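Participant: Chains A and B, in that order, are what the protein sequence lines are.
Under this note's numbering, think of the first position of the first sequence as 1, with each following residue one higher.
Under this note's numbering, think of the first position of the second sequence as 1, with each following residue one higher.
Worth flagging that the hints you see were computed from the coordinates, not collected in a lab.
It is possible that part of the hints are untrue.
Remember, identical chains collapse to one label, so a pair may be satisfied in a single copy or spanning two.
Taking lysine to any residue and the SDA-like style, the derived pairs with C-alpha atoms no more than 20 Å apart in a straight line are [said to hold, decoys possible]: (1) 93 with 218; (2) 93 with 7; (3) 195 with 236; (4) 105 with 233; (5) 47 with 7; (6) 195 with 26; (7) 47 with 235; (8) 269 with 221; (9) 21 with 33; (10) 47 with 13; (11) 92 with 218; (12) 47 with 8; (13) 269 with 175; (14) 21 with 2; (15) 47 with 281; (16) 105 with 42; (17) 21 with 1; (18) 93 with 217; (19) 185 with 70; (20) 195 with 33; (21) 269 with 135; (22) 105 with 217; (23) 230 with 54.
Here the structure is a predicted model, which means the values were calculated and not measured.
Number of protein chains: 2
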Amino acid sequence: MIRSHNFSAGPSALPIEVLEKVHQELFDFAGTGSSIMEISHRSVLFKNLFEKIESDIRDILDIPENYKVLFLQGGATLQFSQVPMNLLNGKKKADYIHTGLWSGKAIRSASRFCDTHIVASNEMTGFNHIPLQEELNLSSDAAYLHYTENETVQGVQFNYTPNSSVPLVCDASSSLLSKPIELNKHGLVYASAQKNIGISGVTIVIINEDLFNMAPNSTPEILNYTSLAKANSLINTPATFPLYITGLMLDWLISQGGIAEVHHRNKQKAGLLYDTISSSGGFYKNNVID
Amino acid sequence: MIRSHNFSAGPSALPIEVLEKVHQELFDFAGTGSSIMEISHRSVLFKNLFEKIESDIRDILDIPENYKVLFLQGGATLQFSQVPMNLLNGKKKADYIHTGLWSGKAIRSASRFCDTHIVASNEMTGFNHIPLQEELNLSSDAAYLHYTENETVQGVQFNYTPNSSVPLVCDASSSLLSKPIELNKHGLVYASAQKNIGISGVTIVIINEDLFNMAPNSTPEILNYTSLAKANSLINTPATFPLYITGLMLDWLISQGGIAEVHHRNKQKAGLLYDTISSSGGFYKNNVID
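Here chain A stands alone, though its shape is the one from the complex (with noise of 0.2 Å):
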């Protein structure tokens, strides 16, 4: 079997195991003579897997007990509405930290909602680093900080996890499992889960319990982390399929050490790559600032 290596944007690679297993079960799911893709979401069987997602990924990710996850659909993008439809709180101003493409993205979403109050920018030195917490103009009366961890099309992201007086909010799309995250930090952190947990199909939320009840009336009750906690994420039929995938995705992570090794393996990629930049006398540049 041929593997093509996947340096692309958008969705990445999946182990081959993962693949495997898709392959091995496809027809008959748990014995049940049904693919996983015609099996109800209702179904007991259903239910147990559900729950061994979200348990795998509180063990994976060190989740703390006032944390609930959330398995949603729309991506990062509806999230960058989503988080100003439930957080604002009744305040008119959210604090947000633009990086890059993507945090402009949610900047632009949010705007239609709040006034946003760009803490730093580097806009001017083309988005080439990250501001260090010092530089952040923060607001006291903000109803959250937003950052993008990872600017995967500037090629910047934080070395650390900023400071503020107000709930932290994280985009996490490209980075969430791919290295240990301190939770504690923040309010709320989001993902989708095409990079490191799974395809796309799947959102990832993670919110503390604090933030509920935040959302005005005007927010639909599927858009509404509070109802949809309440609901264990299942308001609606989910997308199943693709919740399957992060299932094996979270199993295969485990079985290979969890995230401490995944995080060691990244740094050794990464390294091998810096190496190669510095060793190139001058031809390749390394604007990495520590």
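Given chain A's structure and the hints, the job is docking chain B onto it.
Facilitator: Same frame as chain A, now just chain B:
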């Protein structure tokens, strides 16, 4: 291979030919050395697949030129809110036919955005029949008229297309692709895919272009039909694998003889059931009113 029958609510069974095709090309889609799950939604290959899906559904349903087809996420339940978020056009009221559980949910969702005028309801009689056209107490100042073509919980289905002077909106979640539909009479038709159009994770919206540019600025771009149409449904990463299954379902449907043949088979299946009821000497009761 033992294949179970599926009489369950929720996701339906898939044709074995569809599962066999998935199984066959799971590791290597179109000679790429990658699974369809791993391929970028911005690649030429996926773009071609996506265009074929749209072209096939247009052929199968005979969709007029002035209607756009959108492939979205979030299920019919998100459409319950997305419809009023897009189609109120400055009006304060929308007409709804209340025929059972699903239309009830649509009404409750819309009531966050406008007055919902119930033009007919059979709640008092346990939703045991569909109101006739002449029983509809239609408003002339409503933004649109919404109906649920098939109420799967109460077991009642429209045998006519309602007439109204305002745009007609149809939740066709459980019946789209099971029989022909008079699209010209509709402003918008939506359906989740997991009954006849694939698996959960895809929502189809068929919309008359006359209904574009009506959404207020408060409607997020990712939920705005006009913006979604301009971006060919690709504002962000779609649920690529469920879309691929929709493509295979459409291939299968065409191979079987299209919508006419499928409708014929469905009438035969329903006939078997109703004949059994009718010949049961009153043991089973039949509430069908023609």
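Participant: Decide, hint by hint, whether the structure agrees.
Facilitator: Hint check:
no. : hint         : result
1   : 93 with 218  : both (18 Å within a copy, 16 Å between copies)
2   : 93 with 7    : neither (38 Å within a copy, 50 Å between copies)
3   : 195 with 236 : between (25 Å within a copy, 14 Å between copies)
4   : 105 with 233 : between (25 Å within a copy, 17 Å between copies)
5   : 47 with 7    : between (35 Å within a copy, 18 Å between copies)
6   : 195 with 26  : between (23 Å within a copy, 19 Å between copies)
7   : 47 with 235  : within (14 Å within a copy, 32 Å between copies)
8   : 269 with 221 : neither (43 Å within a copy, 37 Å between copies)
9   : 21 with 33   : both (16 Å within a copy, 18 Å between copies)
10  : 47 with 13   : between (27 Å within a copy, 19 Å between copies)
11  : 92 with 218  : both (15 Å within a copy, 14 Å between copies)
12  : 47 with 8    : between (34 Å within a copy, 15 Å between copies)
13  : 269 with 175 : within (14 Å within a copy, 50 Å between copies)
14  : 21 with 2    : both (18 Å within a copy, 19 Å between copies)
15  : 47 with 281  : neither (56 Å within a copy, 40 Å between copies)
16  : 105 with 42  : between (35 Å within a copy, 18 Å between copies)
17  : 21 with 1    : both (16 Å within a copy, 18 Å between copies)
18  : 93 with 217  : both (19 Å within a copy, 18 Å between copies)
19  : 185 with 70  : within (18 Å within a copy, 39 Å between copies)
20  : 195 with 33  : between (31 Å within a copy, 18 Å between copies)
21  : 269 with 135 : neither (30 Å within a copy, 69 Å between copies)
22  : 105 with 217 : between (25 Å within a copy, 16 Å between copies)
23  : 230 with 54  : within (15 Å within a copy, 36 Å between copies)
Violated hints, in rising order: 2, 8, 15 and 21; the structure is consistent with all others.
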